[in-house]
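All chains, full assembly: derive it from the sequences and hints.
Protein chains: 2
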Amino acid sequence: MSKTITIALDAMGGDAGPSVVLAGAELSRRRYPEIRYILHGEADAVLPELEKYPTLKEQSVFHPCDVSISMEEKPSQALRRGRRVSGMWKAIESVKNGEADVMVSAGNTGALMAMARFCLRMMPGIERPALAAVWPNVRGESIVLDVGATIGADAEQLVDFALMGSCMARALYDLDRPKVGLLNVGVEEVKGLEEVRLAGTQLKEIDLPGLEYAGFVEGDDIGRGNVDVIVTEGFSGNIALKTAEGTARQISTYLKDAMSRTLMARIGYLFASKAFSYIREKMDPRKVNGAVFLGLNGVVIKSHGSTDGEGFAAAIDVGHNTVRNRLQEKISADLARIRPWVEEDANDSAVESSQTEQNVQRETSND
Amino acid sequence: MSKTITIALDAMGGDAGPSVVLAGAELSRRRYPEIRYILHGEADAVLPELEKYPTLKEQSVFHPCDVSISMEEKPSQALRRGRRVSGMWKAIESVKNGEADVMVSAGNTGALMAMARFCLRMMPGIERPALAAVWPNVRGESIVLDVGATIGADAEQLVDFALMGSCMARALYDLDRPKVGLLNVGVEEVKGLEEVRLAGTQLKEIDLPGLEYAGFVEGDDIGRGNVDVIVTEGFSGNIALKTAEGTARQISTYLKDAMSRTLMARIGYLFASKAFSYIREKMDPRKVNGAVFLGLNGVVIKSHGSTDGEGFAAAIDVGHNTVRNRLQEKISADLARIRPWVEEDANDSAVESSQTEQNVQRETSND
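Chains as they are written, first to last, in UniProt numbering: chain A, 1 to 367; chain B, 1 to 367.
Take the hints with a grain of salt, since some may be wrong.
A pair holds if it fits inside one copy or across any two, identical chains being indistinguishable in the list.
[Said to hold, decoys possible] Quick list of in silico lysine-lysine cross-link-like pairs, DSS-like style, CA-CA up to 27 Å:
no.: 1; residue 1: Lys179; residue 2: Lys287
no.: 2; residue 1: Lys256; residue 2: Lys282
no.: 3; residue 1: Lys256; residue 2: Lys274
no.: 4; residue 1: Lys74; residue 2: Lys204
no.: 5; residue 1: Lys57; residue 2: Lys287
no.: 6; residue 1: Lys287; residue 2: Lys256
no.: 7; residue 1: Lys179; residue 2: Lys96
no.: 8; residue 1: Lys274; residue 2: Lys287
no.: 9; residue 1: Lys179; residue 2: Lys57
no.: 10; residue 1: Lys330; residue 2: Lys96
no.: 11; residue 1: Lys3; residue 2: Lys179
If you're looking for bench data, these hints aren't it; they were derived computationally from the structure.
This is the structure:
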């Protein structure tokens, strides 16, 4: 039997809260019997739902708490109100103190990021976190980061993202040496930002056995799947992700519209109904749910807030895979290879930690 | 009869050159009989093609030249080799000296931008040009700018883009007061770039009768069509555009794949063939071909290099509409309204011009 993998869940997170979180937990548990859960949330809301799943109940530990973070709360407010007491914080803390291997939340993204950063702190040598999304393409899947954790990134941070993204691709897919591309614009005279160019030069020079630098890619390369990892800073990454989601929705609307316009189209739809199920599955956002916060001392998975049980289970699966395939260890090993001096500096971590705390407070104070 | 509209064409531009350019010219001429063309290109290549269209030939003026800019040439090289002598330059010059009302090229984007800026110069009060694309959405069309003319933009430049984009929306669509949104990221704790926030504040304060500021929008709002104009700087705009194109192509691949998988699907496809034509038309990139360089003393239209006659005709139609609906006058009037002092400064234009020349040379010198 596989070694147990313990996953902490923010049971109150997401638009629907415990009903979706527990439905997803049950689905993943059936797929991966080695999973055990630590559930954090309000007893009144979680326990009645938990009754529906006897085996899940038996195999889970429930930690009640009184505070829950709402989806609308500002990160600064969430941090003030929910630090050390909310289900979201407690679930992250389960990772910090070693009770859990990974945590998953469908809650407020900003609050989750602020709390995760505050509680887990950055890995030594990594300055800023990245949110890495799984992106479907015509060949399979790729990883795009950062999709919104941090706005702007200098060359060194882009190199960090490339390194972490390649580790994630190795952890999630069966790849020895993922191809990594830097997102850039193709218009000849513009030639991209200085930091993107510089990151390209650095990536060419870096000798990492688990990363193949494939040069610049453009927006339309993401869907082609000619690279496994696409690296960019959070503003353009977030815009790319949302634009792709919007375009997919737009085309779905055209499809639905077209297939209900005439009797002939409706008959055609009936004949081709299996083909349409295939397309729906290909375009199902639930299949690629589960973005990963990278760069922290512990893995935090962000699920879409509006997903259902199936979608939340996909996010848990991502968490399960990052643990089983030792994502954090891969990142640490690669970091030690390109910046061996960082390990030594980590002794100053007490100082760094208090600085991090100040940074998080400053960054979230005026929102 | 309508007043004649004269359009200068870079007959050598694009992957296919004169065959596509003249096929497009013929299509637009039939739709808008008031169009007259000035054709610039190499006699050997253009004249035999022109023989195919007797009316077009009769109604066009042909100016032969010996130099053509290739699709791969760097802007600096194109400028050195093609300034004052290439078909592309000559077509732009036709606008400058008043022979033509607008020019259209399917040629090298970087070269076109460098030459247009060099030849026409920036409008007084506008610091940097924007490339504005027509973007289909579920309600109709919107305008997205900048899609790659300039990387980065400060708040004032974003406001300029908003103003010019709203003028373009009024010129192309039947709108009195287009809704303008600023592209931003929605992740709570990040809250977008300082310059985007500042541009939002300025747009709220500006009193322009032809522009309704609708606040921040996200990537997935572009396809929804809840605003008419989406404003962003060129890096993220280019990535959004290319990502949307890539996503559309990706879903087309899924569709084709699904509809040929089984006999039932193929039968369904036959029944619904009209519905599929409808979707193909909705997703046809040729329909929205023709991006507009805004901010110059004259209108320059950029067609996709790989389009066909139908697509090139769409780009000519955009040019035709910008002239018929007096785009340049609209922009000048709105600029005078928000920055009345600029008109007076325009007397210093001799000094400014020589600075622009130096800028263009500097910007294109190290590519």
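Non-conforming hints, listed in increasing numerical order: 7, 9, 11
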